[in-house]
Amino acid sequence: MSSVEIRHVTKSFGLAPIIKGVSIDIQDGEFVILVGPSGCGKSTLLRMIAGLEDISGGEIRIGSRVVNNVPPKDRDIAMVFQNYALYPHMTVAQNMAFSLKLKRSPQGEIDERVARAAEILGLKPLLERFPRQLSGGQRQRVAMGRAIVRDPQVFLFDEPLSNLDAKLRVAMRAEIKALHQRLKTTTIYVTHDQIEAMTMADKIVVMHDGIVEQMGAPLELYDRPANLFVAGFIGSPAMNFIKGNVGSNGFKAESGQTFPLAAAPAASDGRPMVYGIRPEHIRLTDEGVPVEVVVIEPTGSETQIIVRPAGERDKPVADHSSAITCVLKDRIAARPGDMIRVMPDPTKLHLFDGKTGGRLN
Amino acid sequence: MIVTRSTHLQRVALYAAVSAIVLWTLAPFYWMLVSSVSEQRDLFSFPPVWFPRTISFERFWQLLGIGSLGDIDEETARPARLFRSALLNSVIVCGITTIVGLTIGTTAAYAYARLRFSFSRYLMALTVMVHMLPPIATVIPLYILLRKIGLLNQLSGLILVYAALSVTYVVWVMNGYFRTIPRELEDAARIDGCSRMGALFRVVLPIVVPGLIATGILVFITTWNEFLYVLVLVNDPANKTVPAMIAEFSTQDQIKYGMIMTGGIIVSLPPVLLALIFQRRLISGLTAGAIKG
Numbered sequence: 124m125s126s127v128e129i130r131h132v133t134k135s136f137g138l139a140p141i142i143k144g145v146s147i148d149i150q151d152g153e154f155v156i157l158v159g160p161s162g163c164g165k166s167t168l169l170r171m172i173a174g175l176e177d178i179s180g181g182e183i184r185i186g187s188r189v190v191n192n193v194p195p196k197d198r199d200i201a202m203v204f205q206n207y208a209l210y211p212h213m214t215v216a217q218n219m220a221f222s223l224k225l226k227r228s229p230q231g232e233i234d235e236r237v238a239r240a241a242e243i244l245g246l247k248p249l250l251e252r253f254p255r256q257l258s259g260g261q262r263q264r265v266a267m268g269r270a271i272v273r274d275p276q277v278f279l280f281d282e283p284l285s286n287l288d289a290k291l292r293v294a295m296r297a298e299i300k301a302l303h304q305r306l307k308t309t310t311i312y313v314t315h316d317q318i319e320a321m322t323m324a325d326k327i328v329v330m331h332d333g334i335v336e337q338m339g340a341p342l343e344l345y346d347r348p349a350n351l352f353v354a355g356f357i358g359s360p361a362m363n364f365i366k367g368n369v370g371s372n373g374f375k376a377e378s379g380q381t382f383p384l385a386a387a388p389a390a391s392d393g394r395p396m397v398y399g400i401r402p403e404h405i406r407l408t409d410e411g412v413p414v415e416v417v418v419i420e421p422t423g424s425e426t427q428i429i430v431r432p433a434g435e436r437d438k439p440v441a442d443h444s445s446a447i448t449c450v451l452k453d454r455i456a457a458r459p460g461d462m463i464r465v466m467p468d469p470t471k472l473h474l475f476d477g478k479t480g481g482r483l484n
Numbered sequence: 060m061i062v063t064r065s066t067h068l069q070r071v072a073l074y075a076a077v078s079a080i081v082l083w084t085l086a087p088f089y090w091m092l093v094s095s096v097s098e099q100r101d102l103f104s105f106p107p108v109w110f111p112r113t114i115s116f117e118r119f120w121q122l123l124g125i126g127s128l129g130d131i132d133e134e135t136a137r138p139a140r141l142f143r144s145a146l147l148n149s150v151i152v153c154g155i156t157t158i159v160g161l162t163i164g165t166t167a168a169y170a171y172a173r174l175r176f177s178f179s180r181y182l183m184a185l186t187v188m189v190h191m192l193p194p195i196a197t198v199i200p201l202y203i204l205l206r207k208i209g210l211l212n213q214l215s216g217l218i219l220v221y222a223a224l225s226v227t228y229v230v231w232v233m234n235g236y237f238r239t240i241p242r243e244l245e246d247a248a249r250i251d252g253c254s255r256m257g258a259l260f261r262v263v264l265p266i267v268v269p270g271l272i273a274t275g276i277l278v279f280i281t282t283w284n285e286f287l288y289v290l291v292l293v294n295d296p297a298n299k300t301v302p303a304m305i306a307e308f309s310t311q312d313q314i315k316y317g318m319i320m321t322g323g324i325i326v327s328l329p330p331v332l333l334a335l336i337f338q339r340r341l342i343s344g345l346t347a348g349a350i351k352g
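Sequence order for the protein chains is A and B. 124 is the number of the first residue of the first sequence in our numbering; add one for each residue after it. 60 is the number of the first residue of the second sequence in our numbering; add one for each residue after it.
Hints are supplied without guarantee of correctness; some may be wrong.
[To be verified] Incomplete in silico selection of chain B near chain A, CB under 7 angstroms:
hint : residue
1    : 251
2    : 252
3    : 330
Quick caveat, the hints were computed from the structure, so don't treat them as lab data. Bear in mind the structure is a predicted one, so any value in this text is a computation, not a measurement. Yeah, the Cβ is synthetic: ideal placement off N, Cα and C, and Gly gets one too.
Okay, chain A solo, but in the shape it has when bound (with noise of 0.2 angstroms):
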């Protein structure tokens, strides 16, 4: 195990800079995720850590070594892969073992090594199985006990859910953590996908067009999202935005209705702001603000309700501009076309700058 430092990294392929200038601490068995949309440079920050790519600028540390030109193979990591990347003409046993026999292991050492991993994972049926006979959730297993056989510094994770279905997903994303909790070997994981980096994460570090927005522990992304751009990705459904400013009795809406602050801001002279709301901290009473009911999706558990501004129900489904997601715990027996009252509430709302989208409450 082993801490991992990124100081003023940079990467640009020719002229296009990819990674401008991150820099992220990494504790000694912490599970960091590196989450934003793609094309942020995630990867591309990960296959720098791995050595896969070449640092432009900038230093990285894995325990208290400089690793910038230490190929891959020395750097003590171990990697899986999105398409999990085992290779097809080894056995499940000789892809495990594949790295350890590269170091000149000891035979032993290799058999014992690879038993335990297989024991961990549920892979001692398969062992001599080639990698086309397995399921997907099985070739995901292999390519995590390939990485533990190693018994690494450092885990690297590249989206390595993405290929497989959404109920092995699930299953597979507990197995991830659990394991981490057994080992407690510092892992980097990346994804796009918000849920995944919610629910496993120490530590989020949320990256757009090759910078860090926000970094923190997953409930502090949640709850005081730094900007507009954090807001927007962190939570599912997204946090509803309205546009509009301060005024004298609340927050005035582009689309001329007021919702309720708290507390205005300092400086909050007229200026262009966004209030932002997630879908679970508005609720239905009496004295809310009259919307229009569009779409109502009833999940059992819950009721999400898409609602505009009354008479611009008829706006095209894409313009999301006035759009409001409420999720209700309760079930409703409105329609589409009811007038409902909604109500956020004024102690869980964020307020953003509308010209730089920095959070101002």
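Take the given structure of chain A and dock chain B to it, following the hints.
Chain B only, in chain A's frame:
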């Protein structure tokens, strides 16, 4: 009932079509075989003699240097005497060409498929384009080139030309093959402890073995059958390959069809045997990457 009858008819039609294609393909080989074992006078009789009255393997023994050449004229005897050395020349030329072509072509194809370097796409297109040129367009410049470097009439000159051409073919085929192999396999190997070359030899090459075998066989067969270059670039009978030597049976005064056909049968055997031995590998190699796995 109607459905059954129509299915039955379809099957009959299918078999008829397949039989016609097989017949069309094999008929020349059958005629070649008949001509090689028939008497000289039967070769020109009309209507043709489809089933030889007497079968003689004498021409085979003569060409392979086992039988006596006593009663044949000198014009036929000269190429017949050199046939065995031509066979050896063919084996040497094709063997070395295949090894050199595969070695250089495979490493170049890997570089084109994996490494980022300037103009790689244009260089790749240029490499493939060389293979598109008709041999007749390149044979004269190659003749001049070989004469200048003193390799005309030599096996080494012929190998140089064949290897250069086969490299372009190998690059073309193997480049496509390498591109079907996920890059992450090499990344995984490099993290597991391989260098870049180690990843190529320990992980990538074992996976592309069917492709290597298929490409190697095709290079061998193409070189084995090549006629134009050897005809122009090698005049010395001692350094000719089999296809050119067979052509020697056709002279100004006469054409020895029997010898030509016998030579044809002998020269066809190695490629057919290769294809039969590596049949399964050849098919998996030629079809790999066709379907997303």
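Provide an ascending list of the numbers of those earlier hints which the structure does not satisfy. Hint check: 3 fails alone, others pass.
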